[in-house]
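Guided by the hints, dock chain H onto chain S, whose structure is given.
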Amino acid sequence: MTKPIDSVSSWPLRDRVAFYAAWAAGIALIVIAGAIVVYMAFRGAQYFDFGLLLESPSSSLNQAQSGGFKDPIIGTALLLVMSTAIAAPLGVVIAVWLTEYGRPTGLARAVESAVEVVAGTPSIVLAMFGLILFQEWFGFLTFDAEGAVLGRSFIAAASMMSLIALPLVVGATREALNSIPGHVREASYALGKTKAATIRRVLLPAARPGIGTGTALGMGRVAGDTAIVVVLLGATLQIQNGADGSVFGLFRGTGSTLTSYVYYNSPAGEGLAPEKAYFAAFVLLLVVIVLNFVVTRIARGKEELWTR
Amino acid sequence: MPGEGIAARLPGRRPRQPGPASAGAPGGTGFWTDARVELLLGAVACFVLLIILGMIGFVFSKALPSFTHNGLAWFGSGGDLDLQLEDIFSSPSNPADYVYSLRAWPLLWGTFVVTAGAVAIGLVFALFSAIFIVEFAPRQVNRVLEPVVRLLAAVPSVIYGLIGILVIVPWVGEHLISLDRKESVANLVQLDGASIGVGILILTVMIVPIMIAIVVDALRAVPRGWIEGASALGANRWRVTWTIAVRTARPAIVAAAVLATARALGEAIMLSMVAGSASFAPNPIDGITFIFEPTRPLASALVENVEGLSVVPFGQTLFAFAAVLLVSSMFLSLAGFVAKQSMRKYGIRP
Numbered sequence: 000m001t002k003p004i005d006s007v008s009s010w011p012l013r014d015r016v017a018f019y020a021a022w023a024a025g026i027a028l029i030v031i032a033g034a035i036v037v038y039m040a041f042r043g044a045q046y047f048d049f050g051l052l053l054e055s056p057s058s059s060l061n062q063a064q065s066g067g068f069k070d071p072i073i074g075t076a077l078l079l080v081m082s083t084a085i086a087a088p089l090g091v092v093i094a095v096w097l098t099e100y101g102r103p104t105g106l107a108r109a110v111e112s113a114v115e116v117v118a119g120t121p122s123i124v125l126a127m128f129g130l131i132l133f134q135e136w137f138g139f140l141t142f143d144a145e146g147a148v149l150g151r152s153f154i155a156a157a158s159m160m161s162l163i164a165l166p167l168v169v170g171a172t173r174e175a176l177n178s179i180p181g182h183v184r185e186a187s188y189a190l191g192k193t194k195a196a197t198i199r200r201v202l203l204p205a206a207r208p209g210i211g212t213g214t215a216l217g218m219g220r221v222a223g224d225t226a227i228v229v230v231l232l233g234a235t236l237q238i239q240n241g242a243d244g245s246v247f248g249l250f251r252g253t254g255s256t257l258t259s260y261v262y263y264n265s266p267a268g269e270g271l272a273p274e275k276a277y278f279a280a281f282v283l284l285l286v287v288i289v290l291n292f293v294v295t296r297i298a299r300g301k302e303e304l305w306t307r
Numbered sequence: 000m001p002g003e004g005i006a007a008r009l010p011g012r013r014p015r016q017p018g019p020a021s022a023g024a025p026g027g028t029g030f031w032t033d034a035r036v037e038l039l040l041g042a043v044a045c046f047v048l049l050i051i052l053g054m055i056g057f058v059f060s061k062a063l064p065s066f067t068h069n070g071l072a073w074f075g076s077g078g079d080l081d082l083q084l085e086d087i088f089s090s091p092s093n094p095a096d097y098v099y100s101l102r103a104w105p106l107l108w109g110t111f112v113v114t115a116g117a118v119a120i121g122l123v124f125a126l127f128s129a130i131f132i133v134e135f136a137p138r139q140v141n142r143v144l145e146p147v148v149r150l151l152a153a154v155p156s157v158i159y160g161l162i163g164i165l166v167i168v169p170w171v172g173e174h175l176i177s178l179d180r181k182e183s184v185a186n187l188v189q190l191d192g193a194s195i196g197v198g199i200l201i202l203t204v205m206i207v208p209i210m211i212a213i214v215v216d217a218l219r220a221v222p223r224g225w226i227e228g229a230s231a232l233g234a235n236r237w238r239v240t241w242t243i244a245v246r247t248a249r250p251a252i253v254a255a256a257v258l259a260t261a262r263a264l265g266e267a268i269m270l271s272m273v274a275g276s277a278s279f280a281p282n283p284i285d286g287i288t289f290i291f292e293p294t295r296p297l298a299s300a301l302v303e304n305v306e307g308l309s310v311v312p313f314g315q316t317l318f319a320f321a322a323v324l325l326v327s328s329m330f331l332s333l334a335g336f337v338a339k340q341s342m343r344k345y346g347i348r349p
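Residue numbers (numbering that gives the first Met the number 0), protein chains in the order written: chain S, 0 to 307; chain H, 0 to 349.
Excised from the complex, chain S in its bound form (with noise of 0.2 Å):
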């Protein structure tokens, strides 16, 4: 017993008040992501249309007709997968480096301080700087409409959402390289092995629990932002190739995802078709659940290898 026994009933009145309303904002919070849930998914079942999710948008005025959201889940899964494939590598590499070198210290500094900012820059923000870049610069990257360079693509989102997500997967894999004692390094040392053998060998076979945590964490964030859909991957709900009808075309294409179809179908993107947009959402607050129980699912698997 780590607690004296206490009733909360001889306790003076404002401590009692207090204790109560602690009670309140624990109970209110479930109360609240329960109604999100359960509000979403009475929508999702009420508007529940399997044929939606198999067939692409098209634009018409008559609701009845204007198709499903084939090409945005595929926009979704695409952005994902992009984002991540930038974002996991880059985020791993700047947490080993930070925590395993991290000389000259002023540079370490310098990075860790960018991370952090970056990890507070509204998405925004972001979107302004990649549309700007993208077409000043890297316009052959992204869609091309007869000569008028857009700076939108999948690439440029992907490229800017990996920004959003690279803080979380840094973070994550900091705290897991962290967490390994100094001792496991030492032995690995002790057998011969080079630091750059230790880390590949020892250091991030320990941190992928961590890693893997971030990256998820990282996806649910690049799942869920709409503002840099909406500037960078364009206001076209089906996805257009973005050249030759290959691969490389569609990366350059633009396209939707859930989040940017669920905008435009809402009243604020004068789609006017809420029953489409509630269905999507229900479609993404799922994808986000599942991310989510991925999450959990690794960041119990981790628990204390090392100190056993």
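Since the hints were made in silico from the structure, they are not lab data. Every value quoted in this text rests on a predicted model; they were computed, and no experiment measured them. The C-beta atom is built at its ideal place from N, Cα and C for all residues, glycine as well. Incorrect hints may have been included.
Heads up, incomplete: computed chain H residues facing chain S, CB under 8 Å, no partners named [unchecked claim]:
#: 1; residue: Leu48
#: 2; residue: Ala136
#: 3; residue: Pro155
#: 4; residue: Ile167
#: 5; residue: Leu200
#: 6; residue: Arg238
#: 7; residue: Ala267
#: 8; residue: Met272
#: 9; residue: Val302
#: 10; residue: Gly307
#: 11; residue: Leu308
#: 12; residue: Val310
#: 13; residue: Val311
Okay, now just chain H, sitting in the frame of chain S:
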């Protein structure tokens, strides 16, 4: 940490710096010697650093004309912001005739009101929730609460926005705003439910999980002995928590507030959906009506106008908005980082 360990404890041996065996070790790893790996990893880190520095410099250089043309009046109020933006958008194509005149106060004020409101309410809520999770919640409740907090943090802002615009805004417009109230400000602004109040409400739900996560970590890191010591002196559980744990965790509470503020500032999509997106500076002396008045924060203004980015003076004006956001969020991120570090003086790593 490497550098202290078994090597130092072995009897009869000189403690040797346990370095990697690379120094002159031939072969084994082939091309990837330590020096090369360090160089490569460092180069990648520097590359990312350069991109981020480039972004900051770039945003500021783009923003400069708008600031230099307006001076400090940029931050002031005056005129109709929508008309000013329209003039900037339709300014002549000759660079010498670009129009930059802008008074951004309604946007700044809207950003401030919504952010401050959400952070103030959210901080109290998050503090009590965190105390509940760490100190009072039965284990079964915690087993539900932890995924709940993670889920609330992960729900995309567009879903919050959708629920806001389709459920909460119409409800507020119909049931909470009386006709008299609508008429009282009808000459200024239309009250249809999309308002500061709804914006603050949803934004609070969005930032509370961030704050809870930070505060819970800090409260859990408070040494058990301190809590037990206070309990042994006869203080009740609430007093112990409030005077020992919460006080120790103060730097983390500051960090939580600061980081949540950064997140709230950047929230664009949800607020542009529910806060009414009118360039209107709501007036606190309107009393209760104040929270029903619409506004438009900076980030939402960016999302809604981003189509015009290619018009040079308009784009530069938008980058000026972005620069204001970037400066605030940079400052807040670094402040949060520093605040989190300061718990180390107790020997605690939150």
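Quiz item: Among all the numbered hints in the text so far, which are the ones the structure does not match?
Solution: 4, 5, 10, 12 and 13
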